[in-house]
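Novice: Top to bottom, those sequences are chains B and G. Sequential numbering from 1 applies to the first sequence in the numbering used here. Sequential numbering from 1 applies to the second sequence in the numbering used here.
Hints are computed from structural coordinates only; laboratory data are not their basis. These numbers come from a predicted model, not from an experiment. Honestly, I wouldn't trust all of these hints.
[As the list claims (entries may be wrong)] Calculated cross-link-like contacts (lysine to aspartate or glutamate; reagent style EDC-like; alpha-carbon spacing at most 20 Å):
#1 B:LYS162 to G:GLU178
#2 G:LYS132 to B:ASP117
#3 B:LYS62 to G:GLU353
#4 G:LYS142 to B:GLU12
[Unchecked claim] Chain B is nowhere near these chain G residues, computed Cβ spacing over 10 Å in every case:
#5 GLN113
#6 PRO123
#7 SER181
#8 LYS187
#9 ASP282
#10 ASP304
#11 PRO305
#12 SER306
#13 LYS310
#14 ARG313
#15 LYS339
#16 THR350
#17 ARG365
#18 PRO500
#19 GLU507
#20 GLU563
[What the hints assert, rightly or not] Just a few of them, taken from the derived set where beta-carbon distance is under 10 Å, the chain B residues facing chain G:
#21 GLY21
#22 LEU22
#23 SER24
#24 ALA27
#25 GLU58
#26 THR61
#27 LYS62
#28 ASN65
#29 LYS66
#30 ASP69
#31 ILE71
#32 LYS72
#33 MET74
#34 ARG109
Heads up, the beta-carbon is just placed ideally off N, CA and C, and yes, glycines get one too.
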Amino acid sequence: MRHIISLLMENEAGALSRVAGLFSARAYNIESLTVAPTEDSTLSRMTIVTVGSEEVIEQITKQLNKLVDVIKVMDLTEGRHIERELMLVKVKATGTGREEMKRTADIFRGRIIDVTDATYTIELTGTGSKLDAFLEAIDPAFIIETVRTGASGIGRGERSLKA
Amino acid sequence: MEATGAEIVVRCLAEEGVEFVFGYPGGAVLNIYDEIFKQNKFKHVLVRHEQAAVHAADAYARATGRVGVALVTSGPGVTNAVTGIATAYMDSIPIVVVTGQVPTAAIGLDAFQEVDTVGITRPCVKHNFLVKDVKDLAVTMKKAFIIAATGRPGPVVVDVPKDVTAHLTEFEYPAAVEMRSYNPVIKGHSGQLKRAVQMLLEAKRPMIYTGGGVVLGDASAQLAELTRLLGFPVTNTLMGLGGYPATDRQNLGMPGMHGTYEANMAMQHCDVLLAIGARFDDRVIGNPAHFAREQRRIIHIDIDPSSISKRVRVDVPIVGDVQNVLADMLALLKQAKEKPEAAALNAWWTQIELWRSKNCLNYNRNSPIIKPQYVVEKLWDVTRGDAYITSDVGQHQMWAAQYYKFDQPRRWINSGGLGTMGVGLPYAMGVQLAHPEAQVACITGESSIQMNIQELSTCKQYRIPVKVVMLNNRYMGMVRQWQEFFYGSRYAESYMESLPDFVKLAESYGHIGMRIDKPEDVEAALREAFSPALKERMVFMDFQTDQTENVFPMVEGGKGLSEMILAEEL
C-alpha cells in the first residue's frame with residue numbers, strides 16, 4: 001500500500017544521504033522524496049512517499065527512527081491528512097490548441113506562469129492523481145517538458161509533527 | 001585554555017578514560033600523532049594494517065564493555081578500516097574510530113589520499129561525523145562516545161580534516177551533551193511486561209532464547225536468576241554464548257545452523273518463546289516460514305525496536321535495556337501467586353532429555369588423526385574453561401562455539417554477524433591488552449589466520465602473549481564442507497596450497513612455534529603453551545587436523561530448524 005511518511009531531522013550536511021542510503025540499502029521503495037528546512041532553520045522536514053506491505057512500512061518507520069539525526073517520524077496515511085504536489089508543465093500553445101490549452105488549465109485550476117507565442121508554462125498543484133489527470137487530459141504531443149516536486153503532506157486538524 | 005584540534009582529540013580520549021588507541025599513522029593524522037607522542041594518559045598500539053586496529057579496538061570493547069578506540073589516516077587508512085567497522089556494526093560493538101581527512105579546502109578535489117569517509121562508512125556505522133570547525137570538535141567527540149556506548153551500541157566514525165587538527169580554539173570537554181534526536185528507550189513498557197509474565201506463567205513448553213544483547217547489556221546475572229526461578233530451558237546464540245553458563249543443565253547449547261539437536265528442537269516445538277537481545281537471524285531460525293509452521297507465542301525483549309518483528313512476528317514486544325527489563329520482570333514474577341504448571345514443565349523436560357540423549361556433538365574420539373573437536377575440548381580442560389577465546393570464521397569457529405563451554409559472558413569473542421575471516425589474531429591482541437593476566441587463546445584455521453598474519457609483528461613489539469590454536473586441515477574447511485554437501489565434492493579453490501612453515505614463521509617473529517601431528521601430543525602441547533614458564537610468550541600451535549571432518553549438526557540454508565543433518569546419519 002502507498003504510505004506518506006513525514007519526518008523531522010537535524011538540518012545537517014549528509015542528512016538526506018542517510019535517509020536515501022537507508023532506503024537503497026534495505027531495498028525499500030521511494031516513489032518521491034521532498035525535503036526543505038522548516039521555520040526553524042536547524043530542522044529539515046522530509047516527505048517520503050513509499051509503497052510496501054504493513055510489515056515493510058513498520059520496518060521503514062523503525063529504521064528511520066533509528067537514524068541518529070532523525071527527531072520524529074509520522075506515517076501521515078495512518079490518520080486524516082492533506083497531500084499536495086506542485087507540477088510545472090511546459091506545453092506547445094499555437095493555433096487553435098492555444099485556447100484549448102488555456103481552458104483545460106482553467107478547469108484544473110492551473111495558472112499560466114510563463115507565456116511565449118508558441119508555449120505556455122502551467123503551474124498546477126493538487127494530489128498526485130489530479131496532476132496525472134491533467135496530463136491525461138491534454139494531448140501528449142503538446143507536452144514539451146514536465147517537472148514535479150513529489151508530494152508534501154501535513155496532518156489535518158490538531159495532528160502535527162513538532163520537534 | 002586554547003588548544004589545537006590535535007590536542008583536543010588526544011585530550012578528549014584521555015577524558016573518556018581510554019586506555020589503548022589502536023592505530024597507524026599517516027599524513028592526515030600527523031598532528032594527532034605528534035600530540036600522542038607528548039602525552040602519557042593512554043597507550044598507542046601500532047598495528048601492521050588498519051583493519052587490525054579496528055578489530056583490536058572492537059575486541060577490547062567486547063571483552064571489557066568499554067568503548068574501543070582506533071585511529072587511522074585518510075584514504076587507504078579508512079578503506080582498510082572499513083572491514084573492521086562493518087564487523088563491529090553487525091555485532092553492535094561500541095567503538096569510536098577517529099579518521100584523518102585531507103584539509104577542508106581540499107575536500108572534493110580528489111586530493112592525495114582523499115576518500116569520502118562519511119559516505120563510505122555511512123552504511124556500516126551507527127553514526128558518523130565530519131568535523132569542519134575546530135569549535136565543534138570536543139562536543140563531537142563527546143557525542144561519538146555517547147552514541148557508541150548507549151542504546152543499541154555500535155561504531156561511530158569521527159572524520160577530522162588535517163587543518164582542523166592544527167586550528168586553535170578554547171578547549172573544555174563537556175560533561176554531558178543533549179541530543180534532541182537521540183533518546184534510546186531504557187525502561188520496558190509496564191503493560192507489556194505484565195502480559196509477558198502472564199504468558200510465561202501459562203507456558204507448557206517454554207523456551208528462553210538469548211543473544212548478544214544479554215552479553216552487551218551485562219544482563220547475565222538477571223538472566224540466570226530468571227531462568228533458575230522459572231526452571232525453563234535456555235539457549236544462547238553464537239553471539240550470546242556465556243550469557244548463561246554452558247555447563248548448567250538448563251542450557252541446551254547453541255541454536256541454529258550448527259546448533260545442538262535439543263536446542264533446535266526446543267526452539268521449534270516450544271509453545272512460549274522468550275527472546276532476549278536476539279534477532280531471529282537467518283543462521284539461528286533457518287527458514288522463517290518453516291519456523292512459523294508450529295504455533296507458539298513469542299515475547300521479544302530488545303533495545304532496538306527495528307529488531308522486533310523484522311523476520312518473525314512477535315506477540316509481546318518489549319523495547320528496553322535487557323538488564324532493566326529482566327529486573328522488572330523478575331520483580332513481577334516474584335510477586336505472582338501463580339507458578340508455572342509443574343506437570344507440564346516436567347513432561348517438557350522429559351522430551352528435551354530425550355532429544356539431548358541423541359548426544360549430537362559426539363565424534364570419533366579414537367581417531368588416529370587429530371580431530372579438531374578434540375583440540376577444543378582439551379583446550380577447555382587445560383584452561384579450566386576460564387580462558388578468553390577469540391576465533392576466526394569457519395569450521396573452527398563452530399567447533400570452538402560447540403565444544404568450549406563458556407560459563408561467563410564476554411569470554412567468547414568472534415565475528416558473528418559479518419563473519420570476517422582474519423579477526424582472530426587482532427581480536428586476541430585487543431583482549432590480552434585489556435586483560436593482561438588472563439589466558440587468551442585464538443582458535444583459528446590456516447586460511448583465516450593468513451588474512452591478518454602480519455599482526456604477529458605487533459604481538460612481538462608489545463609482547464602480547466596470546467596463544468594461537470590453529471586447526472590446520474589444509475582447506476578452507478567450511479567452504480570445503482559446503483562443496484562436499486552441495487557441489488558434488490568439487491573443491492573449487494578451497495584447498496590451501498603453498499602454506500608456510502608456521503613454526504618457522506612464528507619463530508621468525510620471535511615467538512614460539514609448535515607443530516602437533518598426533519592426538520596423543522595435543523594435551524601436552526596445550527599444557528606447555530599455557531604453563532607458567534611461557535606465560536609471557538606468544539605461542540603458535542599448528543595442529544594438523546583431520547582434513548575431512550565436518551561440522552554437525554547442520555541445518556542447510558533455507559531449511560527449517562528441525563531438519564538437521566546429524567553426524568550419525570552420514
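Novice: May I ask you to test the interface hint for GLU58 of chain B with respect to chain G, counting a Cβ-Cβ separation under 10 Å as satisfied?
Specialist: Since the shortest Cβ distance to chain G is 7 Å, the answer is holds.
Novice: Given a cut of 10 Å on the nearest C-beta pair, is the interface hint for LYS72 of chain B held or broken against chain G?
Specialist: holds, 9 Å
Novice: Run the distance test for LYS162 of chain B versus GLU178 of chain G: straight-line Cα separation, threshold 20 Å.
Specialist: Within the cut-off at roughly 18 Å; holds.
Novice: Measuring from the C-beta of MET74 of chain B to each C-beta in chain G, is the shortest one below 10 Å?
Specialist: Since the shortest Cβ distance to chain G is 15 Å, the answer is violated.
Novice: Checking a non-interface call: every C-beta of chain B should be farther than 10 Å from the C-beta of SER306 of chain G. Is that right?
Specialist: Contrary to the label, SER306 of chain G does not stay out of reach of chain B, its closest Cβ about 4 Å off (not over 10 Å).
Novice: Would the least Cβ to Cβ distance between PRO305 of chain G and chain B come out above 10 Å?
Specialist: At about 5 Å from chain B, PRO305 of chain G fails to clear the 10 Å cut-off, so the statement is violated.
Novice: When the nearest CB of chain G is found for THR61 of chain B, is that gap smaller than 10 Å?
Specialist: holds, 9 Å
Novice: Can we keep the GLY21 of chain B interface hint, with Cβ of chain G closer than 10 Å?
Specialist: Holds: closest Cβ of chain G sits about 6 Å from GLY21 of chain B, inside 10 Å.
Novice: Would you check whether the claim that ASP282 of chain G is not at the interface survives, using Cβ distances to chain B and the 10 Å cut-off?
Specialist: holds, 15 Å
Novice: Does ASP69 of chain B hold up as a contact with chain G if the rule is Cβ-Cβ below 10 Å?
Specialist: Status holds, d = 6 Å.
Novice: Under 10 Å, Cβ to Cβ, is where LYS62 of chain B needs to be relative to chain G, so tell me if that hint holds or is violated.
Specialist: This interface hint holds because 4 Å falls under the 10 Å limit.
Novice: Hinted pair, alpha-carbon criterion (20 Å max): LYS132 of chain G, ASP117 of chain B. Please report holds or violated.
Specialist: With Cα atoms ~51 Å apart, LYS132 of chain G and ASP117 of chain B exceed 20 Å; violated.
Checked against the numbered hints above, the structure breaks hints 2, 3, 6, 7, 10, 11, 12, 13, 14, 24, 33, 34 and satisfies the rest.
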